[in-house]
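Numbering (this note's numbering), first residue to last: 4 to 148.
These aren't lab readings, by the way, just hints derived from the structure by calculation. Small disclaimer: the values here were computed from a predicted structure and weren't measured. Backbone N, C-alpha and C fix where the C-beta goes; we use that ideal spot for every residue, glycine too. Hints are not guaranteed to be accurate.
[To be verified] Beta-carbon label-pair distances, calculated as ranges:
hint : residue 1 : residue 2 : range
1    : Tyr63     : Thr19     : 33 to 43 Å
2    : Ser50     : Arg106    : 33 to 43 Å
3    : Tyr148    : Arg106    : 27 to 37 Å
4    : Leu95     : Cys146    : 23 to 33 Å
5    : Val20     : Gln85     : 22 to 32 Å
6    : Gly33     : Val133    : 14 to 24 Å
7    : Ala73     : Asp21     : 14 to 24 Å
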Amino acid sequence: IIECGFAPLFTPENYTVDMLNASVWSWEPGQPQYETDLNCAAMNLASGKWFRKVPDFTTYIHHAQTINPAPSAFPQWTIATQISTFDQAASLCPASYDFAVPRTPQENVALAAVLRQQNFPALWVNLNQVEAECWVVGWLSPCPY
Numbered sequence: 004i005i006e007c008g009f010a011p012l013f014t015p016e017n018y019t020v021d022m023l024n025a026s027v028w029s030w031e032p033g034q035p036q037y038e039t040d041l042n043c044a045a046m047n048l049a050s051g052k053w054f055r056k057v058p059d060f061t062t063y064i065h066h067a068q069t070i071n072p073a074p075s076a077f078p079q080w081t082i083a084t085q086i087s088t089f090d091q092a093a094s095l096c097p098a099s100y101d102f103a104v105p106r107t108p109q110e111n112v113a114l115a116a117v118l119r120q121q122n123f124p125a126l127w128v129n130l131n132q133v134e135a136e137c138w139v140v141g142w143l144s145p146c147p148y
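Generate coordinates for the entire structure from the input sequences, incorporating the hints supplied.
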């Protein structure tokens, strides 16, 4: 239901831990982990959810990208044909494409479907941790708080 865009209204009387966990559309259970200050997010083929991946700058995988949509349009997700490290991903996007991260459950479902069609085990999404408990879009972007 969450993946279709419905947001449950939880009250203290009607929620359970299972219901709360099911409402998380982005991260794998137990993720993200905060072991170091520099982490990146990748999407898992099997679940379509994200996990923390340490950017060791030797891990080359594909990355998510969108064709620059109109501000109110639903993004068209594609997967880069060239593999890269996380820090290289944005510079390898063709003109009119952006290294991106899903911002809604529907976008996440759409990207996961493209990932399953391509059958890559994982791909970078444009989200990285620059400080403890601060995840940002854009390589080494400043923490907003």
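Results for each hint:
In this structure the hint that Tyr63 and Thr19 lie 33 to 43 Å apart at CB holds, the actual value being about 41 Å. Checking the proposed 33 to 43 Å range against Ser50 and Arg106 shows it is violated: the Cβ atoms sit about 18 Å from each other. In this structure the hint that Tyr148 and Arg106 lie 27 to 37 Å apart at CB is violated, the actual value being about 18 Å. Hint check: Leu95 to Cys146, Cβ distance near 25 Å, so the stated range 23 to 33 Å holds.
Remark: the range hint 22 to 32 Å for Val20 to Gln85 is contradicted by a beta-carbon distance near 41 Å. Range check, Gly33 to Val133: Cβ separation about 21 Å, and the 14 to 24 Å hint holds. For Ala73 and Asp21, the hinted distance range of 14 to 24 Å is not satisfied, since their beta carbons lie about 38 Å from each other.
Hints 2, 3, 5, 7 from the earlier list are contradicted by this structure; the remaining hints agree with it.
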